[in-house]
Amino acid sequence: MTDRTNQEWLAELREPAEGGALSDLRSLLIRGLRHAMSDRPAVAEEDLEDFAQEAVLKVLTGLPSFRWESRFTTWAHKIAVHVAFTELRRRRWQDVSLEEITSAPDSDFIPERFADPAAGPEQLAVQEMVVRTLRQTIARDLTERQRQAMMAVLAGGMSLQETARRMGTNRNALYKVLHDARRRLKTNLLAKGLSAQDILAAFEPRGPE
Amino acid sequence: MKPEPAMLRGLVRGVLSTRQDEIGCDECFEEVDRFVEMTLAGKNAAEAMPLVQDHLQRCRECREEFEALLAVLRGLS
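Note that the protein sequences, when read in sequence, are chains H and Z. Take the first sequence: its letter number 10 is residue 10 in the working numbering, and every next letter is one higher. Numbers given in the working numbering equal positions in the second sequence, counted from 1, plus 1000.
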């Protein structure tokens, strides 16, 4: 495989019939994915070929959006990795419904009573305030969508991408939903008069006496 | 699921470190190839692109893809 400059890659991929750039790119992406998936024995060689094939198509349609801020091949590998992980997450979560994760009886993930055995009395008082505030904010101030996303992603450990898909949105938009939820929780926590440092100190394994 | 101190601690840290100017997954994806190349060149990508660094710390999926991309480029070099 010949090394190409960014310009050469772009020129040849725009006119793929003239050279072997397409097939070189596909081979390069497969080799790259082998490194990315080296610790995932469940991913077969034919999976890698499928991922690379899909990535090549995305690269070709995305050529106008290449920003020349990295090597072309880094950009293409980024797309291949994204394609591969998107599919692997879909497979990993395909049998799990959002309802299962967000409506389980003990899915109220902030415990009403939280007792950290390692905490002293002052720490315990702060912890109780935090727990109360978080629970109240989640119940009263967050939207149902924010609450559901927090439940699935933070408590249920579900993939952001797959939670988003089930909620009829995408990963980027769901990140923003969670960001808004965190901002609200932060505002309400800090409204209690303690600094962020004081609050965090109460949750350290060995807090100050 | 049983709530554990570590989970609550993680949640509280995540909440309190929330910034107004966080970027989302799309913007992170746009920038991450440059971030990876800087990292591999031994440059301080976190300092040069603090919002990307912040997002990678918060978003498990973007971090996963960033680490995989690092593995690809290291493996091929």
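Among the clues, some could well be false.
Claimed, not checked - Mimicking EDC-like on lysine to aspartate or glutamate, the simulated pairs with C-alpha atoms at most 16 Å apart in a straight line are:
#	chain 1	residue 1	chain 2	residue 2
1	H	K58	H	E100
2	H	K176	Z	E1037
3	H	K186	H	D141
4	H	K176	Z	E1047
5	H	K192	H	E204
6	H	K176	Z	E1067
7	H	K192	H	E128
8	H	K186	Z	D1026
9	H	K58	Z	E1030
10	H	K186	Z	E1030
11	H	K176	Z	E1027
12	H	K58	Z	D1054
13	H	K186	Z	E1027
14	H	K176	H	D198
What the hints assert, rightly or not - Across the chosen pairs, the derived CB separations fall in these ranges:
#	chain 1	residue 1	chain 2	residue 2	range
15	Z	S1077	H	A42	37 to 45 Å
16	Z	R1013	H	G120	17 to 25 Å
17	Z	R1060	H	M129	40 to 48 Å
18	H	A191	Z	G1042	20 to 28 Å
Hints were generated in silico from the structure; no laboratory data involved. The C-beta atom is built at its ideal place from N, Cα and C for all residues, glycine as well.
Tested hints:
With a C-alpha separation of about 34 Å, the suggested pairing of K58 (chain H) with E100 (chain H) is violated against the 16 Å cut-off. Between K176 (chain H) and E1037 (chain Z), the direct Cα distance comes to roughly 27 Å. Violation of the 16 Å bound is thereby established for this hinted pair. This hinted pair checks out: K186 (chain H) and D141 (chain H) have alpha carbons roughly 12 Å apart, not beyond 16 Å. Between K176 (chain H) and E1047 (chain Z) the CA atoms are separated by roughly 23 Å; this puts the pair beyond 16 Å, and the hint is violated.
Proximity of K192 (chain H) to E204 (chain H) is assessed by CA-CA distance (about 19 Å); at most 16 Å being required, the pair is judged violated. Taking the CA atoms of K176 (chain H) and E1067 (chain Z), the gap is near 23 Å; set against the 16 Å cutoff, the hint is violated. Of the pairs offered as hints, the one joining K192 (chain H) and E128 (chain H) holds, with about 12 Å between alpha carbons and a cut-off of 16 Å not exceeded. Simply put, K186 (chain H) and D1026 (chain Z) have alpha-carbon atoms about 24 Å apart, too far for the 16 Å limit, and the pair is violated.
Of the pairs offered as hints, the one joining K58 (chain H) and E1030 (chain Z) holds, with about 14 Å between alpha carbons and a cut-off of 16 Å not exceeded. Between K186 (chain H) and E1030 (chain Z) the CA atoms are separated by roughly 28 Å; this puts the pair beyond 16 Å, and the hint is violated. Of the pairs offered as hints, the one joining K176 (chain H) and E1027 (chain Z) holds, with about 12 Å between alpha carbons and a cut-off of 16 Å not exceeded. Distance check on the hinted pair: K58 (chain H) and D1054 (chain Z) sit about 27 Å apart at the alpha-carbon level, beyond 16 Å; violated.
The suggested pairing of K186 (chain H) with E1027 (chain Z) is violated, with an alpha-carbon distance near 24 Å, which exceeds 16 Å. Under the criterion of a C-alpha separation no larger than 16 Å, the hint pairing K176 (chain H) with D198 (chain H) is inconsistent with the structure, at around 27 Å. The hinted window of 37 to 45 Å between S1077 (chain Z) and A42 (chain H) is violated, with their beta carbons roughly 26 Å apart. As the Cβ distance of R1013 (chain Z) to G120 (chain H) is approximately 20 Å, the hint placing it in 17 to 25 Å holds.
Roughly 29 Å separates the CB atoms of R1060 (chain Z) and M129 (chain H), a value that falls outside the hinted 40 to 48 Å. Here the CB-CB span from A191 (chain H) to G1042 (chain Z) is close to 44 Å, at odds with the stated 20 to 28 Å.
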